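K.L.:
Here's the letter readout for the chains.
Number of protein chains: 2
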Amino acid sequence: MNNLHVNGFRFSAVKAGIRGKDRLDLGLIYCEKEAVAAAVFTKNRVKAAPVLLGMERLKNGRIQAVMINASIANACTGEEGMANARAAAKMAADSLGIAEDLVLVSSTGVIGQQLDLACFVKAVPGLVSARDADAGPKLARAIMTTDTVEKTAQRLIRIGDVDVTVVGIAKGAGMIMPNMATMLCFIMTDVEISADLLQELLQKAVHKSFNRISIDGDSSTNDTALVMASGMAGNACLDSAAAPGAAVFEKCLADLCLDLALQIVADGEGASKLVTIKVEGARSEEEADAAARTIANSPLVKTAFFGQDANWGRIIAALGRSGVDFAQNRVDIFFDQVKMVQDGLGLGIQAEQEATLVLRKKAFTVLVDLKNGAASGEIYTCDFSIDYVKINADYRS
Amino acid sequence: MNNLHVNGFRFSAVKAGIRGKDRLDLGLIYCEKEAVAAAVFTKNRVKAAPVLLGMERLKNGRIQAVMINASIANACTGEEGMANARAAAKMAADSLGIAEDLVLVSSTGVIGQQLDLACFVKAVPGLVSARDADAGPKLARAIMTTDTVEKTAQRLIRIGDVDVTVVGIAKGAGMIMPNMATMLCFIMTDVEISADLLQELLQKAVHKSFNRISIDGDSSTNDTALVMASGMAGNACLDSAAAPGAAVFEKCLADLCLDLALQIVADGEGASKLVTIKVEGARSEEEADAAARTIANSPLVKTAFFGQDANWGRIIAALGRSGVDFAQNRVDIFFDQVKMVQDGLGLGIQAEQEATLVLRKKAFTVLVDLKNGAASGEIYTCDFSIDYVKINADYRS
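Chains as they are written, first to last, in this note's numbering: chain V, 2 to 398; chain L, 2 to 398.
Bear in mind the hints are in silico, worked out from the structure with no lab data behind them.
Model, not experiment: these values are computed from the prediction.
One or more of the hints may lead you astray.
As the list claims (entries may be wrong) - With a straight-line cut-off of 30 Å between C-alpha atoms, the simulated BS3-like cross-links for lysine-lysine are: (1) L:205 <-> V:362; (2) V:139 <-> V:363; (3) L:391 <-> V:391; (4) V:340 <-> L:44; (5) V:209 <-> V:123; (6) V:391 <-> L:123; (7) V:60 <-> V:22; (8) V:391 <-> L:362; (9) L:60 <-> L:44; (10) V:44 <-> L:279; (11) V:209 <-> V:252; (12) L:279 <-> L:209; (13) V:205 <-> V:123; (14) L:391 <-> V:279; (15) V:391 <-> L:340; (16) L:139 <-> L:391; (17) V:340 <-> L:391; (18) L:34 <-> V:391; (19) V:44 <-> L:391; (20) L:44 <-> V:372; (21) V:44 <-> L:372; (22) L:91 <-> L:34; (23) V:363 <-> L:391; (24) V:362 <-> V:372; (25) V:279 <-> L:44; (26) L:205 <-> L:372.
To be verified - To be clear about the criterion: a stretch of chain V counts as covered by chain L if any three or more of its residues have a C-beta under 8 Å from a C-beta of chain L, and this derived list gives those stretches: (27) 185 to 192; (28) 377 to 390.
No residue lacks a Cβ here, since even glycine has one placed at the ideal position from N, Cα and C.
Model the full assembly from the supplied sequences, consistent with the hints where possible.
P.N.:
So this is what it looks like as structure tokens:
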């Protein structure tokens, strides 16, 4: 279990009554000093109030605290929603004794409902006074909605002769096909780094991780990936990609984001399998990505995964409507090491039986080789189960 | 109940053992003379053998018979699949005593399996000798796969002083988001018409019907809409769109296609509701269509329909990722006559209660007004149920 300790950061989580139940629903991330910060937000044209506020406050590349609530997304809430986001942030800032514009808020839950500020008035003082370096795992639980497990990751690297820690906390199980970021992901590190480089490295990491997962093809109004750096590790400041240690930190950040992204897919609503869809032999990365994404989002492919049915016909049918150029009679398809299709034709009963064994695993890779070029791409997805429908037919009731 | 009588046409259906069970699985449509014919086929890059053969044989605009099998799609079957399609068509042609290139074959079912020609050798003579003007409804049952009801439609119009009949038979319940046509649809009429005009009118009708339905966003390798005209009604030949009666026939064909398309959606795999997604106030028809299609294909929207949850937040979130230009604070959303969202904000509990009553109906319309232009478009879809997953997790087993 990750303890999520990182120099300069403290966490807390309380039951604020936002869910109307006896559950943790309000969390705080606090840095002892102004942290260098970078973020990527949803590209959905409909953006939640906390996202709009965050975009505004991140412009100067510094924040000190984030308050996160579950249960209500504060999206499609108009001017009242913006005013509520500002008011909630101000309560936290006042209680923490820091400037208002150093506080972000973040929300996840139902769209179209207003926050009840009374919950915040009551809960914020206790939230602030409970700050603790040990409370990261508790925060990870507080921000869960339909998630069944908390998602955390932790890395230790060396930059020069100092230890640098990077920890991450994420949530998300439905409305997941980020165009830009994912539901909510908070990364804390003690590295000393410039805001510009942090933003650049975060974007690269998100592109290879959160932007490559899809649970249901829906992208949210609240997607946020935020990284805060306290600078307390003592390394020489990473102020450009060429700085000693920048490459190590970049790799670590990318690796941590992918770790969290895969935790999100594996905990996809109702999901029982983590499936990597890899397309090789495409003419371009864009085509490889489009092909992999179309397969990953096909309800027929995903229900076949749930049924443990090595139904490659659905995979090739999805490929055929992906808009990608290929010759049907050159396509090979593998389930892990098992080749099921060669040059567009099925390889028969024995291959199917072996592939069925692969499908019984909790995690496997479907490799589609178009033999049409040198580019490749992959998307991480999950199966589509009866429980997905149950969860989403009942979500608000 | 439609009797599907139309001058010049006879039908039959038999149990050929293709399904391996005691079920109707092979059907025949026969015209007493060469019929003028037009068709639209799937735009999926992966095309089944019978589609490729049909595209070839439709070039001269005349056919006389179509033999249709259920259970095996004859898709992704390579040269052997093409040879089987040709051989099956030849058996039917020989038994009927007509030229081989006047016979089409059509298949629906599992992708990647070869047809067993022995079934055809045994069954075709009986299929041919059973031809009967009364057997249209039986044919409609024979071509069903996961369909739960047969889909037929029938219209009588007057052109000049003669009666003209148009009948249609369709199937399809999964892998339905045609880019071009839908699973299988066969339309028979006794109108006298030129092949060019018939093709033109069919394309128009398909664009407004089969191309506007989506059950699961997957489009098939076998989609076919075919119309055959015996010319035996006795009307003056419709040889151009300006010919007297052409407009009446065009309207009838469009209406019949929409009727069949809606029957397909209403019988979508596991579907309990027929939902029309209408987008108004868009800048262009393309944008209206893209917005409606993104909403119609969202698993979160469709599971909310199944749960009878008036969850407009999911609708506006899908809208936000559709790529369509709009201002969030201008959007209105109605469920039938009930306005739930005005200028991007929910209208509260009473509107939600009234909308919930609408969602309990078997069929309703979601209207999204972008107030951003004068164009509109609609897509017909269904809900996403537990049974959809069950059906598709078990389809081959």
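K.L.:
Hint by hint, say whether it matches the structure.
P.N.:
Going through the hints against the structure:
As the CA atoms of residue 205 (chain L) and residue 362 (chain V) are separated by approximately 47 Å, the hinted pair breaks the 30 Å bound. A distance of roughly 27 Å separates the Cα atoms of residue 139 (chain V) and residue 363 (chain V); the hinted pair therefore holds under the 30 Å criterion. Of the pairs offered as hints, the one joining residue 391 (chain L) and residue 391 (chain V) holds, with about 12 Å between alpha carbons and a cut-off of 30 Å not exceeded. Taking the CA atoms of residue 340 (chain V) and residue 44 (chain L), the gap is about 27 Å. The hint holds against a cut of 30 Å.
Using a Cα cut-off of 30 Å, the hinted pair residue 209 (chain V) and residue 123 (chain V) is violated, with the two alpha carbons roughly 41 Å apart. Between the alpha carbons of residue 391 (chain V) and residue 123 (chain L) the distance comes to roughly 46 Å, so the proposed pair goes past 30 Å and is violated. The straight-line distance between the Cα atoms of residue 60 (chain V) and residue 22 (chain V) is roughly 36 Å, outside the 30 Å bound, and the hint therefore fails. Proximity of residue 391 (chain V) to residue 362 (chain L) is assessed by CA-CA distance (about 20 Å); at most 30 Å being required, the pair is judged to hold.
About 17 Å separates the Cα atoms of residue 60 (chain L) and residue 44 (chain L), which keeps this hinted pair within 30 Å; it holds. At roughly 24 Å between alpha-carbon atoms, residue 44 (chain V) and residue 279 (chain L) fall within 30 Å of each other, so this suggested pair holds. Using a Cα cut-off of 30 Å, the hinted pair residue 209 (chain V) and residue 252 (chain V) holds, with the two alpha carbons roughly 11 Å apart. A hinted pair counts as satisfied when its Cα atoms are at most 30 Å apart, and residue 279 (chain L) with residue 209 (chain L) qualifies at roughly 13 Å.
Distance check on the hinted pair: residue 205 (chain V) and residue 123 (chain V) sit about 40 Å apart at the alpha-carbon level, beyond 30 Å; violated. At roughly 26 Å between alpha-carbon atoms, residue 391 (chain L) and residue 279 (chain V) fall within 30 Å of each other, so this suggested pair holds. For the proposed pair residue 391 (chain V) and residue 340 (chain L), the alpha carbon gap of about 27 Å is at most 30 Å, so the pair holds. Proposed proximity of residue 139 (chain L) and residue 391 (chain L) is supported: the alpha carbons are some 27 Å apart, at most 30 Å.
About 27 Å separates the Cα atoms of residue 340 (chain V) and residue 391 (chain L), which keeps this hinted pair within 30 Å; it holds. A hinted pair counts as satisfied when its Cα atoms are at most 30 Å apart, and residue 34 (chain L) with residue 391 (chain V) does not qualify at roughly 54 Å. Between the alpha carbons of residue 44 (chain V) and residue 391 (chain L) the distance comes to roughly 34 Å, so the proposed pair goes past 30 Å and is violated. Restraint check for residue 44 (chain L) and residue 372 (chain V): satisfied, since their Cα atoms lie roughly 22 Å apart, inside the 30 Å limit.
With a C-alpha separation of about 22 Å, the suggested pairing of residue 44 (chain V) with residue 372 (chain L) holds against the 30 Å cut-off. Under the criterion of a C-alpha separation no larger than 30 Å, the hint pairing residue 91 (chain L) with residue 34 (chain L) is consistent with the structure, at around 18 Å. Using a Cα cut-off of 30 Å, the hinted pair residue 363 (chain V) and residue 391 (chain L) holds, with the two alpha carbons roughly 19 Å apart. Taking the CA atoms of residue 362 (chain V) and residue 372 (chain V), the gap is near 27 Å; set against the 30 Å cutoff, the hint holds.
Under the criterion of a C-alpha separation no larger than 30 Å, the hint pairing residue 279 (chain V) with residue 44 (chain L) is consistent with the structure, at around 24 Å. Annotation: proposed proximity of residue 205 (chain L) to residue 372 (chain L) holds, straight-line Cα distance about 28 Å (limit 30 Å). Evaluation of the coverage hint for the region 185 to 192 of chain V: breached, as 0 residues show C-beta separations to chain L shorter than 8 Å, against a requirement of three. Residues of the region 377 to 390 of chain V lying with their CB closer than 8 Å to a CB of chain L number 5, which satisfies the three-residue condition for coverage.
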